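Protein sequence lines, in the order shown, are assigned to chains A and B.
Per our numbering, the first sequence starts with residue 1, numbered consecutively.
Per our numbering, the second sequence starts with residue 1, numbered consecutively.
Keep in mind that the hints were calculated from the coordinates and are not lab data.
Any given hint could turn out to be false.
Each computed DMTMM-like pair below joins lysine to aspartate or glutamate, with the alpha-carbon atoms no more than 25 Å apart [said to hold, decoys possible]:
1) A/243 / B/327
2) A/493 / A/454
3) A/446 / B/45
4) A/103 / A/133
5) B/328 / A/454
Here the structure is a predicted model, which means the values were calculated and not measured.
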Amino acid sequence: MVEAGAGSREDTARPSQELESVVIRFAGDSGDGIQLTGTQFTNTSFIAGNDLSTLPDFPAEIRAPAGSLAGVSGFQLQLSSQEVHTPGDTPDVLVCMNPAALKVNLPLIEKGKVILLNTSTFNSANIKKAGYEENPLEDGTLDDYQVFPVDITALTLGALEDSDLSQKEKTRCKNFFALGLLYWLYNRKMDTTEQWLNKKFSKAPELAAANIKVMHAGYNYGVTTEMFASTYEVKPAQIQPGKYRNVTGNTALSLGMVAASQLSGLPVFLGTYPITPASDILHDLARFKNFGIVTFQAEDEIAGVCSAIGASYGGSIGLTSTSGPGLALKSEAMGLAVIMELPLVVVDVQRGGPSTGLPTKPEQADLLAAMFGRHGECPAVVLAPATPADCFDIAIEAVRLATKYMTPVIILSDGFIANSSEAWHIPEVDTLPDLSVRFTVAEDGKGPFTRDPETLSRPWIRPGTPGLTHRVGGLEKDFNTGNVSYDPDNHEKMIRTRAAKVAGIAKDIEPAQVVGPESGDVLILSWGSPAGTVRRALEVFQKEGASVAGCHLRHLNPFPADLGQVMAKYRHVVIPEMNLGQLRMLITANYDVRPVGINKVKGQPFRVSEIVDPVRRLLQGVH
Amino acid sequence: MEALKLTKKDFTSDQDVRWCPGCGDYAILSTVQKIMPDLGVPPHDVVFVSGIGCSGRFPYYMNTYGFHSIHGRAPGFATGLKVSRPELSVWLVSGDGDAMSIGGNHLIHILRRNVDINILMFNNRIYGLTKGQYSPTSEIGKKTKSTPMGSLDRPFNPLSLALGAGASFVARAVDRDLGHLQEVIRAANAHKGTSFVEIYQNCNVFNDGAFSQFTEKETKDDTVLYLEHGKPLIFGKNKDKGIVMRGAHPEVVTIGGEGGVLESDIVVHDETVPTPHYAFMLSQLQYPKFPEPVGVLRSVEQPTYDEMANEQIRRAKEAANGSSSLEKLLNSGDTWTVE
Numbered sequence: 001m002v003e004a005g006a007g008s009r010e011d012t013a014r015p016s017q018e019l020e021s022v023v024i025r026f027a028g029d030s031g032d033g034i035q036l037t038g039t040q041f042t043n044t045s046f047i048a049g050n051d052l053s054t055l056p057d058f059p060a061e062i063r064a065p066a067g068s069l070a071g072v073s074g075f076q077l078q079l080s081s082q083e084v085h086t087p088g089d090t091p092d093v094l095v096c097m098n099p100a101a102l103k104v105n106l107p108l109i110e111k112g113k114v115i116l117l118n119t120s121t122f123n124s125a126n127i128k129k130a131g132y133e134e135n136p137l138e139d140g141t142l143d144d145y146q147v148f149p150v151d152i153t154a155l156t157l158g159a160l161e162d163s164d165l166s167q168k169e170k171t172r173c174k175n176f177f178a179l180g181l182l183y184w185l186y187n188r189k190m191d192t193t194e195q196w197l198n199k200k201f202s203k204a205p206e207l208a209a210a211n212i213k214v215m216h217a218g219y220n221y222g223v224t225t226e227m228f229a230s231t232y233e234v235k236p237a238q239i240q241p242g243k244y245r246n247v248t249g250n251t252a253l254s255l256g257m258v259a260a261s262q263l264s265g266l267p268v269f270l271g272t273y274p275i276t277p278a279s280d281i282l283h284d285l286a287r288f289k290n291f292g293i294v295t296f297q298a299e300d301e302i303a304g305v306c307s308a309i310g311a312s313y314g315g316s317i318g319l320t321s322t323s324g325p326g327l328a329l330k331s332e333a334m335g336l337a338v339i340m341e342l343p344l345v346v347v348d349v350q351r352g353g354p355s356t357g358l359p360t361k362p363e364q365a366d367l368l369a370a371m372f373g374r375h376g377e378c379p380a381v382v383l384a385p386a387t388p389a390d391c392f393d394i395a396i397e398a399v400r401l402a403t404k405y406m407t408p409v410i411i412l413s414d415g416f417i418a419n420s421s422e423a424w425h426i427p428e429v430d431t432l433p434d435l436s437v438r439f440t441v442a443e444d445g446k447g448p449f450t451r452d453p454e455t456l457s458r459p460w461i462r463p464g465t466p467g468l469t470h471r472v473g474g475l476e477k478d479f480n481t482g483n484v485s486y487d488p489d490n491h492e493k494m495i496r497t498r499a500a501k502v503a504g505i506a507k508d509i510e511p512a513q514v515v516g517p518e519s520g521d522v523l524i525l526s527w528g529s530p531a532g533t534v535r536r537a538l539e540v541f542q543k544e545g546a547s548v549a550g551c552h553l554r555h556l557n558p559f560p561a562d563l564g565q566v567m568a569k570y571r572h573v574v575i576p577e578m579n580l581g582q583l584r585m586l587i588t589a590n591y592d593v594r595p596v597g598i599n600k601v602k603g604q605p606f607r608v609s610e611i612v613d614p615v616r617r618l619l620q621g622v623h
Numbered sequence: 001m002e003a004l005k006l007t008k009k010d011f012t013s014d015q016d017v018r019w020c021p022g023c024g025d026y027a028i029l030s031t032v033q034k035i036m037p038d039l040g041v042p043p044h045d046v047v048f049v050s051g052i053g054c055s056g057r058f059p060y061y062m063n064t065y066g067f068h069s070i071h072g073r074a075p076g077f078a079t080g081l082k083v084s085r086p087e088l089s090v091w092l093v094s095g096d097g098d099a100m101s102i103g104g105n106h107l108i109h110i111l112r113r114n115v116d117i118n119i120l121m122f123n124n125r126i127y128g129l130t131k132g133q134y135s136p137t138s139e140i141g142k143k144t145k146s147t148p149m150g151s152l153d154r155p156f157n158p159l160s161l162a163l164g165a166g167a168s169f170v171a172r173a174v175d176r177d178l179g180h181l182q183e184v185i186r187a188a189n190a191h192k193g194t195s196f197v198e199i200y201q202n203c204n205v206f207n208d209g210a211f212s213q214f215t216e217k218e219t220k221d222d223t224v225l226y227l228e229h230g231k232p233l234i235f236g237k238n239k240d241k242g243i244v245m246r247g248a249h250p251e252v253v254t255i256g257g258e259g260g261v262l263e264s265d266i267v268v269h270d271e272t273v274p275t276p277h278y279a280f281m282l283s284q285l286q287y288p289k290f291p292e293p294v295g296v297l298r299s300v301e302q303p304t305y306d307e308m309a310n311e312q313i314r315r316a317k318e319a320a321n322g323s324s325s326l327e328k329l330l331n332s333g334d335t336w337t338v339e
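This is chain B alone, in the form it adopts within the complex (with noise of 0.2 Å):
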């Protein structure tokens, strides 16, 4: 029988939507429910695991199997689910809150052992569902209903923070960029491991416009750096920017033109570079002195915890040569036998 043909609509719930009119969400939400026929696993083996926020509620609106789950905590869950059912293509939705927050001790062990899932980390540097405090991806000095002076803590860098846990694929994306939001979810759910996407995205509510150097047409050319494997570093409206390596610090020069640099002298993009220096130099890319880098900084290949865990248990039943007898196990120690 030929299995029928997917469709968006097969992916999307008939719940209402409950964000906020003009959220980011939305747009992330539609890109998902978008690209997932194609992706060639049906709705029902396909598990979308969220915390406590905004994000939180996107596996509502999913039409496949769904499991919204406390603060911080979806990574555990996920773990349980991955490692139990390898089959299940499984997919964690959270936020800057959810994940760096609360959650930041299960998001950095997820990450180092590599569980077979894909984590799309919605970052819109605010509390949105709590209205309004400031997050640890919030700017230094943010005024917010809970910090009226400023607040004072370092913002964590989502992408770096990421790398330090050894994670095997970091991307960024940016809710407003359709076509390249897809392309990078298409290529987290192809990486095998776990793949780690920060997508900036609007909160227009608490934090408007937080991204929209990025997103604006006037700007987005000179400050978003398009990371494509194989080819280098370019960006600007005339394609005439790049970035080179001055020993080892990045810099931004202009090519061709008097004073110029050669195009070959610009970093070429390697995905796939075995240690992570090369992508934590990119992640560390901030604006207003760099062009932030939206694409895919790192993708290696590790293996999977989920398969390993498992690979153990098909190796002790080996070893057991189907001897694993109830019987046997608990006749077995020193026993004795009483007449």
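Isolated chain A, as found in the complex (with noise of 0.2 Å):
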């Protein structure tokens, strides 16, 4: 029987060393349960106070055979009693359930770092499925590492001897093994897990009881065995008093967009087709339905978008969510939207594309698409969430300028954001925007395209308004009276009219916001999810005292009115972005500014060291 109590340290004269971070990575098939020991490793160590980022890596098979490398699932957390902006570039655990996630994860851990192995999954079936020729643990390939041995699978089993479970049943239960061994070894409370096991597993307690032995056992083998030498302490972090939660991207944005219905006293709709990574935008807004949300999953993405459209005209906040290729199915009727100048948000969560790419990698290849891909002039207003907790606002703002301006809004969010978390500093109600809306009635004396001289948005009418029948379509239309006009300085007038609507709004946003020296050497500009590397490389330097500053962009159409005059301040403006330069063609394209760039595609996020050296590489190049 377990008797311990959970993280009490009278059990162990083990010493505690504290550290002020640690990054520690699950890794293992993606059957055994990695994501979910991450997340329950986040929770509890948001719970105790630290601020903290995750990544998820998991593969686009949903279960590739059971060994093989494309069916390695891997979880990276950084958990810091600082400020935290990563997941952290290299691993200082890595905790490996079979030696294809030994394999696969070799290369991205220094030497002398720490590996936890379960022992019991290396025979030579999995050696050789891993691509090893010889045992990895025997033939010296870990001789530079801290290695520590553990037959999980077997402690595991041994653990629940007295269970009625079957043995496979049993077997699944050793990602909790490795879970407690990590919670004794990070000096963490089990009752977050304990909790949520019992929860999880109501209905078959017989389950929740076996991992919570099981995790109980892994505990109990830190303090019984000798083999490590100390554990370890991440104090709480010194941030911002308030209420916290953990939120990934995806969620922040549903919250996000529950928020804006409740704001604007508008019904949301959201019209969409399953997608990764977008889809749990669909599975959280499902669950509102007593916010008034309505979800409609359609049967293509062309039919999502066109629902929200048809329900924008109705008066709801049409929305659709959606990654690359849905983008692209989208395009035709995303500039219906704009030339009926109707409100629409579209959500891209990027993944590695073309077509379909890399399914459950982030990528920021989208925005030159957002921005540009849609026949004839079609102007749309282009946002991005720097980090998943932002994600929030930006639904907020999305809506915001939708509804004011009478446009479409594509929001683009990548694999990272969506699935990472962070810690969300819980808004108070009252200090977000009154997003209210009045719709035009007769009375008001207004067409369906009399424009607002300040924003040149046109009235939205509902149907349903008794004196105001009238009709939109995708035709070109007369610019006073909205009827359908072939007229060629018509025309042109709507489009130079459309395109000053959308740039216009550059009056009504943030001023670009500079972190760092407000003039020097290098402006590091970025976009969407590599704001948190690029944070940290600010500190980096800040810390030597480098003339870098870091401007981080959340409107990319229109941008910041006084974005030129920014620039302007510095030596060299910098752009890291996961594409191959594509914010930076439209900064050479818009301002009289030359940037550097620096480009990844590999589906991964950015490291620290992949910003900091090219920068300090163009710092000397100046001095």
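Could you use the hints to bring the two separately framed chains together as a complex?
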């Protein structure tokens, strides 16, 4: 029986060493429950007060053959007593549940670091499947690392000797052995995970009990064996007081849409089609019907966006969520929303492309598609969240602009932001902006295309409004009446007006935010998910006293009105992005600046060094 | 205050109608404008949604709300509108290219969902707006600009396709028989769920006379089978021909006379048969072997998507019992406080 109190330190005399931060990577077969193990460690550490950032890294296949390289799933997290901006470049601790996980992840870890291995899986068949000629535990491959071999599967089965579960069910508990051992190693309490297991398996209490038992066995293994010389402690971070919760980008975006609905008083209508890595937005919003959120799983991407536009026409906030291939399919309908001048929010959770590409990996290569991927002169607003939590604010900003300016707004998230998580400082509801909308009625004396002189926006007239029946469509409209017009001058006037409307939004958005010196040698101009890595790089330069500043863009079309002036204050503008230079192309086209690109398209986020090193080389060239 | 009696004029927009002179679309437009005042819905609560093609211009001519969308996708827009605004009367106007070709996928899905929308599909068996290519309803061997040696692909039978997709209301009418067209459109409007109406429509420029055998005085009595609920399937100039079933197969028979069958042997039309087999049999009656049926083939009550979707919202709100506050939502899940 397991008797040890969860997380009680009286049971060990082992010294505890304090660490500022630690990066842990769990890796194993996609059927090993790696994402779940990582998430549990994350939640427990959040509750212990650490600042934290996570990176799930899973294969496109749901279940690739067991033990294969293609089936390796990973989950990396960085916890710290300081502010964390990234999931960490390289792991301090790598937990490998099988040889394939070791093969895939060994290149990520530096020599001298800790590797915890489940030796039960290192049989000749698995070793061969992982592409090793010899057993890496014996042939010297791991000589330069601190290796902790643990027979996790056997120990798990031993802990469940008295259980009536099948051998297969018992074996599946093994990830909780590893989790328990890490909880011991990092001085964590197990109660959060216990509560979660009891809730998750409320209908199968024997499974909850078995997993809890195995987790305790892992914990006690740490207590009783002499394997580790010390345990570690990462103290709570000094973060802004307030209430926090852990959110992924997709969850934050969904919460932001619910908030936007409440703040505007309009229902949200999500018309969408499942696609990785955006589907969780549908899953999340489908649970919020009590807030009047309508979710419609359409027959395809096109019907998804069309239904959203139909709902917008009816007076809802039309929303569609997708990833690259879906963005391509939606482009014609988005053009209709542009010419009809209807609000629409399109969320593109970018993934590796072109075509099916790398469906589970992040990339930022849809920027130009979002800007120009429609036929005709077809401007849309483009926004990009900086971090998972920022998705909440971006969703609200998207709805504000879409409804105020009667325009499609594209949100460019990516697979990294969507699936990784961070601590979110939950806002007070009364600090959120008022998004209230007033539909135009006959008494206002406006026609369907009577523009607001300030915003150039047309009125939003819902069908069902007496006295204002009118027709809108994809054909060019007369500037004054909105009726179909083939007049050449009118067409040009309308094109210029629609362009000016979107360009004018620059006056209504936050100015460019600079971190670091207000002028100097280098400005790192970034957008999207590299935000965290850039912040870390800026901290490095700040410590060195280097003349490097950062400016992170959340508005990509239009750009902040002062962006040109900001960039002009630095000798070099450096743009790191996970594409071959798409923001760089836009900046070059719009400003008298020749930025330097740092471009990475490996389906993996930037490491800090990948930004620091080239900037440093540039600085050396400057001085 | 007593509501003013609405007239056809109240549903007619100020825009010039731009179809070719002699086009069958004029008759359909005029018929719809004429019956609208009787349907009890004011113009501002009616929305006409269309796709691309000659039929796509229809909304511009109606003094209601109108939404001229993109090619083939009208069902998507109409679904989003109807689900979010179930109180509106939503009509979808399409053609054989728009609905059967580029929009085939959306058509079958709106039908299986049974969204409460009236679909009028103008079938002229040709692409008119792009000036005369064959369509998915053109007969095999159709010689057009794009098929100088004749088209190769078999045509869709729109009624069979709709029935195969589970449509709850399927009907056919002809642009030249205005009284009957009125009846069918009224029935479509009265039906709750997706009403699919195929209208044989003459394109006098690119496919003139495609339906003349069903519209000309000399032939139509023998080529058209008027369906009436509860009445036997009888046709012919002398009302002496009918449809009987021989096993699973329909057959044309002569009533009375030497060797003729009794009127009581003729199949009696029932548009409410719950299973689609009977309606499908009717949809497959094709000239010249059979007369082609017009009228309501199938009209069955089934739950509508828009109603069910809104019911789920209502139930979710009820279950939350007024406690759905944004503040509570944002603060849900595992939270912690930093002092």
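Tested hints:
1. Of the pairs offered as hints, the one joining residue 243 of chain A and residue 327 of chain B holds, with about 12 Å between alpha carbons and a cut-off of 25 Å not exceeded.
2. Our distance criterion of 25 Å between C-alpha atoms is met by residue 493 of chain A and residue 454 of chain A, whose separation comes to about 17 Å.
3. The suggested pairing of residue 446 of chain A with residue 45 of chain B holds, with an alpha-carbon distance near 19 Å, which does not exceed 25 Å.
4. With a C-alpha separation of about 12 Å, the suggested pairing of residue 103 of chain A with residue 133 of chain A holds against the 25 Å cut-off.
5. Distance hint between residue 328 of chain B and residue 454 of chain A is unfulfilled; the C-alpha atoms sit about 37 Å from each other, more than 25 Å.
Consistency note: the structure conflicts with earlier hint 5 alone.
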